[in-house]
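Asker: Please put together the full structure from these sequences, using the hints given.
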Amino acid sequence: MSDTVQPCTSRGAGDFCLTCLLTSAGLLAAVIASFAYLDIDFSALFSRESASGMGDFVASFFPPEAAPAFLQKTAHGALQTFATAAVGTLFAALLGVFFALPAAGRMGEAPRQLARFALNVLRSVPELVWATLMVLAAGLGPFAGTLALALHTIGVLGRLFAEAIENVPSTAELSLRQAGSGSAVAFLYGTLPLVWPQFIAYSLYRLEMNIRMAAVLGFVGAGGLGQMLYFHLSIFQQAEAATVLIAMLLLVLAVDAASNLLRGRLAT
Amino acid sequence: MSIVTHQLGLEHGNGFRALHGLNLKLTAGERVAIIGPSGAGKTSLIRLLGSALRPTNGRLELLGENPWQQSAAGLRQLRTRIGTIHQAPPIPPRLRVITAILAGRLGRWPAWKGLLSLLYPVDIAGAQQALARLDLADRLFERCDRLSGGQLQRVGIARVLYQQPDLILADEPVSALDPILADAAIAQIVAEAEQRGATVLASLHAVDLALKWFPRVIGLRSGQLAFDLPAAEVSTDMLRDLYSSEGSIVPTQANDPALLHALTEPLPEITDPKVVRLDSCRGRG
Numbered sequence: 001m002s003d004t005v006q007p008c009t010s011r012g013a014g015d016f017c018l019t020c021l022l023t024s025a026g027l028l029a030a031v032i033a034s035f036a037y038l039d040i041d042f043s044a045l046f047s048r049e050s051a052s053g054m055g056d057f058v059a060s061f062f063p064p065e066a067a068p069a070f071l072q073k074t075a076h077g078a079l080q081t082f083a084t085a086a087v088g089t090l091f092a093a094l095l096g097v098f099f100a101l102p103a104a105g106r107m108g109e110a111p112r113q114l115a116r117f118a119l120n121v122l123r124s125v126p127e128l129v130w131a132t133l134m135v136l137a138a139g140l141g142p143f144a145g146t147l148a149l150a151l152h153t154i155g156v157l158g159r160l161f162a163e164a165i166e167n168v169p170s171t172a173e174l175s176l177r178q179a180g181s182g183s184a185v186a187f188l189y190g191t192l193p194l195v196w197p198q199f200i201a202y203s204l205y206r207l208e209m210n211i212r213m214a215a216v217l218g219f220v221g222a223g224g225l226g227q228m229l230y231f232h233l234s235i236f237q238q239a240e241a242a243t244v245l246i247a248m249l250l251l252v253l254a255v256d257a258a259s260n261l262l263r264g265r266l267a268t
Numbered sequence: 001m002s003i004v005t006h007q008l009g010l011e012h013g014n015g016f017r018a019l020h021g022l023n024l025k026l027t028a029g030e031r032v033a034i035i036g037p038s039g040a041g042k043t044s045l046i047r048l049l050g051s052a053l054r055p056t057n058g059r060l061e062l063l064g065e066n067p068w069q070q071s072a073a074g075l076r077q078l079r080t081r082i083g084t085i086h087q088a089p090p091i092p093p094r095l096r097v098i099t100a101i102l103a104g105r106l107g108r109w110p111a112w113k114g115l116l117s118l119l120y121p122v123d124i125a126g127a128q129q130a131l132a133r134l135d136l137a138d139r140l141f142e143r144c145d146r147l148s149g150g151q152l153q154r155v156g157i158a159r160v161l162y163q164q165p166d167l168i169l170a171d172e173p174v175s176a177l178d179p180i181l182a183d184a185a186i187a188q189i190v191a192e193a194e195q196r197g198a199t200v201l202a203s204l205h206a207v208d209l210a211l212k213w214f215p216r217v218i219g220l221r222s223g224q225l226a227f228d229l230p231a232a233e234v235s236t237d238m239l240r241d242l243y244s245s246e247g248s249i250v251p252t253q254a255n256d257p258a259l260l261h262a263l264t265e266p267l268p269e270i271t272d273p274k275v276v277r278l279d280s281c282r283g284r285g
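Order-wise, the sequence lines are chains A and B. Once you know that position 106 of the first sequence is 106 in my numbering, the rest is easy, because the numbers rise by one and skip nothing. Once you know that position 132 of the second sequence is 132 in my numbering, the rest is easy, because the numbers rise by one and skip nothing.
For the record, the hints were derived by calculation from the structure and aren't laboratory data. We put the beta carbon where it would ideally sit given N, CA and C, even for glycine. Careful: at least some of the hints might be erroneous.
Unchecked claim - Pairs of lysine to any residue, SDA-like flavour, derived with a Cα cap of 25 Å:
1) B:113 - A:141
2) B:25 - B:229
3) B:113 - A:97
4) B:113 - A:196
5) B:113 - A:197
6) B:113 - A:98
7) B:113 - A:239
8) B:113 - A:31
9) B:113 - A:107
10) B:113 - A:53
11) B:25 - B:74
To be verified - Not close to chain A: a few residues of chain B, all C-beta gaps over 12 Å, as computed:
12) 12
13) 59
14) 61
15) 77
16) 92
17) 95
18) 102
19) 137
20) 138
21) 139
22) 142
23) 195
24) 208
25) 212
26) 228
27) 252
Said to hold, decoys possible - Listing some non-contacts, in silico: residues in chain B with all C-beta distances to chain A over 12 Å:
28) 14
29) 128
30) 149
31) 236
Answerer: Written out as structure tokens, the structure is:
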């Protein structure tokens with residue numbers, strides 16, 4: 001009744017795991033070897049000159065430029081960055097649904113493979129590369145940035161939407177088709193109510209990421225805060241750059257908070 | 001003729017024969033109950049007759065047409081005239097009750113009307129009326145995930161009442177309802193069928209409900225017909241025989257076999273002598 005099985009008994013000192021020790025030693029050796037190979041000179045990092053040099057550089061950012069005219073310009077830049085990200089994500093979400101339907105196998109095997117391939121191509125080209133191409137195609141400015149974000153995000157959202165559609169139970173939609181309704185309407189009544197909360201949550205999450213990305217895209221000439229930052233840093237106007245950085249931080253925080261709030265509401 | 005089958009059979013991909021050699025004829029306006037032990041093929045038969053599954057053997061005619069010789073449009077047209085009440089209502093949880101009910105007529109509505117109804121319900125009165133028959137009118141604008149299992153099952157029934165099909169198929173339509181509500185729900189299905197001359201074929205778990213509301217009763221066992229008789233001619237011996245695989249206990253609303261089983265059988269003893277100590281030896285082999 002109570003012959004408790006003990007698959008292993010205590011072995012005293014044998015409890016020390018030889019494999020663990022050897023693994024740790026190996027990792028340590030690899031880390032030391034990496035430092036030696038990269039020739040990192042920590043003494044330079046912590047030397048008096050470098051410390052004061054860094055201190056001077058950081059100090060030159062303060063106080064941030066606060067002239068009303070410049071603040072207005074920054075606000076305009078922030079709005080441009082937000083608009084770039086928002087429009088890009090919206091386009092991507094709408095087109096993502098169109099790609100997701102064939103990619104989820106709704107229209108047969110050939111369209112499925114084709115849509116998946118297209119989404120993979122869109123997704124595997126990074127935003128910065130799309131932005132460089134779009135600047136060539138559409139000229140400098142936020143339009144290029146919007147297109148670049150939209151193209152990459154279609155690839156991401158289309159794939160996520162397709163997986164969402166594939167993973168929800170199909171009984172609701174099938175039962176409607178069994179009562180004679182057309183496939184499009186059956187999808188809207190049977191499957192869309194199951195997946196749209198996920199669609200919105202994914203889109204909001206991508207919006208957060210695209211805000212940060214839109215700021216970076218400015219560096220290749222796609223407008224907004226990023227372009228301002230690049231401009232002022234390159235002519236050593238650190239005070240102006242500091243204002244732009246603060247604006248970026250505030251924008252990211254605001255969008256994250258708003259999207260968290262929305263996603264929390266959706267969960268209920 | 002509402003339903004005609006000839007040597008109808010269904011074999012699953014793994015070689016399991018769910019149904020074989022079924023010959024059935026249901027005239028328009030007839031009400032027939034299917035009873036039988038679990039696994040007898042009741043659900044398979046309902047799915048075949050609802051053109052949800054394609055038979056592997058035999059012939060099938062629904063409302064005068066062979067569903068599997070129709071064009072895609074013809075099959076859709078035929079399906080709008082068949083309403084199936086499912087045991088687990090296939091309704092997305094976020095849908096509002098009214099939308100779930102109006103979805104019953106999507107097959108007959110043009111696509112634009114279905115789209116419009118997603119934005120604003122196009123037939124509030126119709127849905128309200130269907131729901132009122134099942135005593136749920138106050139839940140019309142509730143979300144379906146706020147309903148209990150029994151309420152949701154009644155919404156599923158209301159959807160088919162609203163669909164107004166010529167052939168009503170029901171797969172254990174009142175399994176989640178208590179006896180009084182179950183009786184009332186079946187009464188509504190029967191009233192709807194009588195009013196419009198629709199045919200009803202319902203699989204029922206409770207034999208007393210079947211005998212009370214359905215003039216003709218079909219006993220199904222191991223995928224074959226055990227009997228097909230007027231309700232008055234079904235004897236207790238036939239029922240005992242039908243349910244012999246379940247200890248000859250004839251399930252009724254009053255004596256749920258699961259309950260009886262729990263009362264008469266001793267609880268299985270939990271006497272597994274092997275207790276493995278898990279955390280004393282992780283990471284060692």
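Asker: For every hint, state whether the structure bears it out.
Answerer: To see whether the hints hold, each was checked on the structure:
1. B:113 - A:141: Violated. Residue 113 of chain B to residue 141 of chain A sits at ~43 Å, over the 25 Å cutoff.
2. B:25 - B:229: It holds: about 12 Å lies between the C-alpha atoms, which stays within 25 Å.
3. B:113 - A:97: The given pair, whose Cα atoms are some 22 Å apart, holds under the 25 Å limit.
4. B:113 - A:196: Holds - the C-alpha atoms of residue 196 of chain A and residue 113 of chain B are around 21 Å apart, at most 25 Å.
5. B:113 - A:197: Since the Cα atoms of residue 113 of chain B and residue 197 of chain A sit roughly 24 Å apart, the hinted pair holds (cutoff 25 Å).
6. B:113 - A:98: holds, 22 Å
7. B:113 - A:239: violated, 60 Å
8. B:113 - A:31: Not satisfied, since the Cα-Cα distance of roughly 67 Å exceeds 25 Å.
9. B:113 - A:107: holds, 24 Å
10. B:113 - A:53: Violated, at about 71 Å.
11. B:25 - B:74: At roughly 22 Å apart (the allowed maximum being 25 Å), residue 74 of chain B and residue 25 of chain B satisfy the hint.
12. 12: Non-interface label stands for residue 12 of chain B: nearest chain A Cβ at 18 Å, farther than 12 Å.
13. 59: holds, 20 Å
14. 61: Correct as stated: the minimum Cβ-Cβ distance to chain A is 18 Å, above 12 Å.
15. 77: violated, 7 Å
16. 92: violated, 4 Å
17. 95: violated, 5 Å
18. 102: Incorrect as stated: the minimum Cβ-Cβ distance to chain A is 9 Å, not above 12 Å.
19. 137: holds, 22 Å
20. 138: holds, 22 Å
21. 139: Its Cβ never comes within 12 Å of chain A, the nearest being 17 Å, so this holds.
22. 142: Per Cβ check, residue 142 of chain B is outside 12 Å of chain A; nearest 14 Å; holds.
23. 195: holds, 20 Å
24. 208: holds, 29 Å
25. 212: holds, 28 Å
26. 228: Fine: 26 Å to the nearest Cβ keeps residue 228 of chain B off the interface.
27. 252: With a cut-off of 12 Å, residue 252 of chain B remains clear of chain A, as the shortest Cβ separation is near 29 Å.
28. 14: holds, 21 Å
29. 128: Non-interface label on residue 128 of chain B holds, nearest chain A Cβ at 19 Å vs cutoff 12 Å.
30. 149: holds, 16 Å
31. 236: Its Cβ never comes within 12 Å of chain A, the nearest being 37 Å, so this holds.
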